[in-house]
Amino acid sequence: MAPSLQAVLAILLVAACLAAIHVPLGRYLHWVFTDPRHTRAERVVYRLGGIDPSVEQRPTFYALSLLAFSLVSLIVLWLLLLLQAHLPYAYGRTMDPLVAFNTAASFVTNTNWQSYVPEASAGYAVQALGLTVQNFVSAGVGLAVAIALIRGLARCDTDRIGNFWVDLVRGTVRVLLPLALLAALVLVGLGVVQTLRAPLGVTTLAGGHQVIQGGLAASQEAIKQLGTNGGGFFGANAAHPLESPNGWTNLLEILLMMAIPSALPRTYGLMVADRRQGWTIAAVMASLGVAGMGLLAWLEVGRGSLEGKEVRFGTAWSAVFASATTSTATGAVDAAHESLTPLGGGVAMLNMMLGELSPGGVGTGLTTMIVMIIVTVFIAGLTVGRTPELLGKTIGRREISLAALAMLVPPALVLVGTGLAVIIPASRAAIFATGPAGFSEVLYAFTSAANNNGSAFAGLGASQPFLDAGLAFAMLTGRFVPLVALVSLAGGLAAQGRRPVTAGTLPTHTPTFAGFLLVVILLLTGLTYFPSLALGPIAGLS
Amino acid sequence: MTIHPRPQGGSLARLAVRALPQALRKLDPRHVITSPVIFVVWIGSVLTTVLAIISPSVFSVSVAGWLWATIVFANLAEAIAEGRGKAQADTLRATRTNTTARRLTDDGTEEDVPGTDLDLGDLVVVEAGQVIPGDGDVIEGVASVDESAVTGESSPVIREAGGDRCSVTGGTTVLSDRIVVKITARPGSTFIDKMIALVEGAARQKTPNELALSILLVTLTIIFTLAVGALRMQAAYPGADLSLLMLVALLVCLIPTTIGALLSAIGIAGMDRLVRRNVLAMSGRAVEAAGDVNTLLLDKTGTITFGNRRATDVFPVEGVDRDDLVAAVRLASLADATPEGRSIVDFAEAAGVSGEPSNQASLAVLGADVVPFTAQTRMSGVDMPDGSLLRKGAGSQVTAWVEAGGGVVPSGLQAVIDAVSQRGATPLVVARSRDGVPAVLGVVELKDVVKPGLRERFDELRAMGIRTVMVTGDNPLTARAIAEEAGVDDFLAEATPEDKLRLIRGEQATGRLVAMTGDGTNDAPALAQADVGVAMNTGTSAAKEAGNMVDLDSDPTKLIDIVAIGKQLLITRGALTTFSIANDLAKYFAIIPAMFVAIYPGLQALNIMRLHSPSSAMLSAVIFNAVIILALVPLALHGVAYKPMSASAMLRRNLAVYGLGGVIAPFIGIKLIDLLVSLLPGLG
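Protein chains in written order, with this note's numbering: chain Y, 21 to 562; chain E, -5 to 678.
Hints in this document: simulated from the structure, not taken from any laboratory.
Using N, Cα and C, we set each Cβ at its ideal position, and we do this for glycine too.
Careful, some of the hints might be misleading.
Straight line, CA to CA, 25 Å or less: simulated SDA-like cross-link-like pairs of lysine to any residue [as the list claims (entries may be wrong)]:
#	chain 1	residue 1	chain 2	residue 2
1	E	K637	Y	T525
2	E	K637	Y	P520
3	E	K637	Y	P527
4	E	K445	E	A487
5	E	K637	Y	G412
6	E	K200	Y	G412
7	E	K200	Y	T525
8	E	K637	Y	A523
9	E	K637	Y	A534
10	E	K200	Y	F550
11	E	K665	Y	V539
12	E	K665	Y	F550
13	E	K665	Y	L543
14	E	K445	E	D483
Partial list, derived from the structure: chain E residues whose beta carbon lies under 7 Å from chain Y [as the list claims (entries may be wrong)]:
#	residue
15	P202
16	S640
17	R646
Listed next, with one range per pair, are the computed distances between beta-carbon atoms [what the hints assert, rightly or not]:
#	chain 1	residue 1	chain 2	residue 2	range
18	E	Q199	Y	F81	32 to 40 Å
19	E	S183	Y	G70	57 to 65 Å
20	Y	P445	E	V40	26 to 34 Å
21	E	L670	Y	S307	39 to 47 Å
22	Y	L84	E	P30	31 to 39 Å
23	Y	G70	E	P491	53 to 61 Å
Generate the whole structure from the sequences, applying the supplied hints.
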């Protein structure tokens, strides 16, 4: 099959599968977060944690719960990584404290930037008990905030936006665990490794020595994609044959990472009792997602080489995977992104720079989109001569301030972080490539960290003190400042009444609005990053 | 001495020249800092000026000069907007002469005190020819007052103690008689003082939407400042040492200077548009709320109808000729000076019945006796010299008169009366007694006539999502008929002030914003409760105090204009914000290749405008950025064209004009400026 035809079919196949999945999954998510009952397993968790699941929280407590949980997660994971030598199945692997902190920050923020080499520094137990657990709960945190924000829009005249612990537990127990289990079994069936045996040293036919890796890869792989985490069990991530042995696992992993983010717009539509709102978001996400995939595939197929790509996937599927992983907050890779054409790499960066909303991370894709909708509604609302409102909620000073904060933090981290990294000699020395591609390595790293993606451009020797600390700071700030702003935004919206819909109300479900939203997203992102992109990917043209 | 609309065509340039000194004074950083976006430009201007002094070149001097021009243009917009108000304030201030008040002391004597020494509750005497020393209520007497100093209306108005016409405004002149006024406002906070502060913009505070927009603009400014600041570090990677001059130029072009420069001018001009229509808004917040209004409460009388009943039709009973009926009722009304009576004569004339006698005087010449309306008989008419008696009046009274005289009331009469009532009109029964035998002739329909063109305006309002509710003291039957005729969405019949208040609260409970007009003291609670409460200037001071706007013309229909002005204000802000942000695309395509083409020649591909040189490209972008502010000043001051339509249609229209236009215009503008700038010698 001609690669270009293969690319078109690949994109259509992914789009068709997601179109089919998002309907039942969106409805299921709606049920999960609106069901008045608690399952027995959940009740056990609540009793152990001393939580009263029937009590809803004010925004401040919701945010404090979230921060407390994440802080404890950060500390526990850091300690686990530092003390892993005392855990079973460690196989002598250890991690430097700063790298361990970077790793802990990376997994707690759902980024999964890997400054470490798993085969050398992360044993089986710490991967399963530390990293995989965070793969679940960090995604659960993102999902919880998205649901809280939707509640803010759906509710009126209340100071309660839900219970963080209930949202976290339900998202984990009812959504992530069962789906990950199912996916892990399928992955094992398709040939992904799942064993506690130590790496196997063999002598090849040619007489060379080879180590065949082992470990609980399938179970980590499933949640790594489903939770848009992206941290590979092996250093080569999904390019490693034991993580993703064939085209089927590649497709399944693409679908897993996009499944929940694609379904959330439908959940949104159901929760705010206006499905058209969900369709609008889905349409904008799909347009950006398909455009990104199409553009990346077009730039790679026929122009790019197979260097840095896996023969078993080919350029077309590698391009689709690269776009999927950067347009969700996943960051898993099945090819070296530095081997993409300069502009192809630029599209991968642009996907992340958009704030990952095509369809984005678990929860964070939808929240980023809602922030952009608020900004769009604000500008569009003024042009129709009304105080801007979204779903009957006035977008005033408080709302625009919080949306602006959520919108402002990631670009600030990327721009300043990249600038500092290229002028500080130590981190500058860590750059591998020369010319614009070298700049792209750093730009990519900070874009990935601040937007909680986690994929890397390769090349950059990121295990270096400034980069480890700087990227950890970018990951933590890029994650938690927006999340807290979003919870506060949810609280403010929930406290408002609802203005009635009239002919004078700006409709937020029409093609005109969707088109304007698309333009605002592209324009704001473009204007913010154009100079940086000009120095990296675009300059790479010449 | 008036605040009526003044001609302004072609005067903008003159206004600009007059405002220039003020604009230069506003370069003071203490003023500039009130607009963060322009403050960033100010810092940039200072920086580039220093750079231009250190190493003067055509380029550096030009950039510095144009950056200062950018701020001056921004200040100019504000100064022009304020200048319009200043002129009005000056004329108002002239009325605030130092009057001497004749204060009544406790023992009943008068003492002369300066008007500025008056306190709340003081009683002052004002006689013909004297200026009323302060705001207050007439508590004794009646006088005609010239209020042209405030309203611009030259015909005098009657002010009298008690009722809804007791309030007088300081600075107006009593033309006749003597009144005693109880002072209700301290000197310095009188109505005229408030007006001066308002039109001058001294009391101007940023409105909620303006604040929210400022936050968005500041956010964009921060993002672009970071992007440009980081660029200096990032560009060090390939070894480019970006000059500060270039970076400042890039930054100024990217931050939303256009809307930042015009934002306060738009707000001042919006208030000014209201003042031009003789409406004073006590706060900018109220003007914005007007744009958001969902429900308009309109008083029937004076707003929807002309306010007096007019004869619109006649219905003769069986056996009576229509012309006979018309002639009879005309005779009966000739001496009737009420508007209803006049309208009957007019109706007869329109129906072709005229001639002698033509008025009360000619009736008297004929020897007819006029029977005036009394509360007891509740009928009026005329006794003709030939012995025939004509009577008109309410159905029950006239039929009683007929029956008392031995006449027979036709069986069909009641049906005609009911039919007229159901149409929302008042039936007037006409009877004539000839040779001692009275008989009913027929019914005249008196109707409160709906003002023409209202239905279309209500349709427009509906298209904009605004519901109209007619408020009337009429019975539900009459109210319904008039509501249907006028095309309002709903009505409140037999309305008491409490009903009005309840209606407003009910609407607000469902998240709607309500606007209303009122003039009486009993309207005050509703005026205070409404989101937009427009008090009539003829109203009581309680009403004026309760509302957040005052209409000096006392024209309740103006509520609809006020809504339009509120919307226009918001649309202008939104349109210019969209335009401002859309402009950035072209500026990037001008500046980025200019900056980096020396390091990465491939970036020349981005120079899609084929600009002459890096220096000319940058300077062109900076010049465009400054000039566009000046070009948009008229739009900011007059507001964007506004036509009532649905929000969807308006969004499509405004995005096409200001969004798409904002993308395209700078490509053309920068290219044209580049063609000129490239001719500059020594620019490179």
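To see whether the hints hold, each was checked on the structure:
For the proposed pair E:K637 and Y:T525, the alpha carbon gap of about 16 Å is at most 25 Å, so the pair holds. Distance hint between E:K637 and Y:P520 is fulfilled; the C-alpha atoms sit about 23 Å from each other, no more than 25 Å. Of the pairs offered as hints, the one joining E:K637 and Y:P527 holds, with about 18 Å between alpha carbons and a cut-off of 25 Å not exceeded. For the proposed pair E:K445 and E:A487, the alpha carbon gap of about 19 Å is at most 25 Å, so the pair holds.
Taking the CA atoms of E:K637 and Y:G412, the gap is near 24 Å; set against the 25 Å cutoff, the hint holds. The suggested pairing of E:K200 with Y:G412 holds, with an alpha-carbon distance near 24 Å, which does not exceed 25 Å. As the CA atoms of E:K200 and Y:T525 are separated by approximately 24 Å, the hinted pair is consistent with the 25 Å bound. Between the alpha carbons of E:K637 and Y:A523 the distance comes to roughly 14 Å, so the proposed pair stays at or under 25 Å and holds.
Between E:K637 and Y:A534 the alpha-carbon distance is near 24 Å, which keeps this suggested pair within the 25 Å criterion. Restraint check: the Cα-Cα separation between E:K200 and Y:F550 comes to about 33 Å, which exceeds 25 Å; the hinted pair is violated. Distance restraint check for E:K665 and Y:V539: the Cα-Cα separation of roughly 24 Å lies within the 25 Å cut-off, and the hinted pair is therefore satisfied. The straight-line distance between the Cα atoms of E:K665 and Y:F550 is roughly 21 Å, inside the 25 Å bound, and the hint therefore holds.
About 21 Å separates the Cα atoms of E:K665 and Y:L543, which keeps this hinted pair within 25 Å; it holds. For the given pair, E:K445 sits about 16 Å from E:D483 by alpha-carbon distance, which is consistent with the 25 Å threshold. At its closest, the beta carbon of E:P202 sits 6 Å from a beta carbon of chain Y; the interface hint therefore holds under the 7 Å criterion. The beta carbon of E:S640 comes within 5 Å of a beta carbon in chain Y, closer than 7 Å, and the hint placing it at the interface holds.
The beta carbon of E:R646 comes within 5 Å of a beta carbon in chain Y, closer than 7 Å, and the hint placing it at the interface holds. Our hint of 32 to 40 Å for E:Q199 and Y:F81 holds, since their Cβ atoms are close to 35 Å apart. Separation of E:S183 from Y:G70 is about 60 Å and conforms to the stated range, judged on CB atoms against 57 to 65 Å. At about 33 Å, the beta-carbon gap between Y:P445 and E:V40 stays in the expected band of 26 to 34 Å.
In this structure the hint that E:L670 and Y:S307 lie 39 to 47 Å apart at CB holds, the actual value being about 41 Å. Between Y:L84 and E:P30 the Cβ separation comes to about 32 Å, which falls inside the hinted range of 31 to 39 Å. The supplied range of 53 to 61 Å is met by Y:G70 and E:P491, whose beta-carbon atoms lie about 57 Å from each other.
In summary, the one numbered hint that this structure violates is 10.
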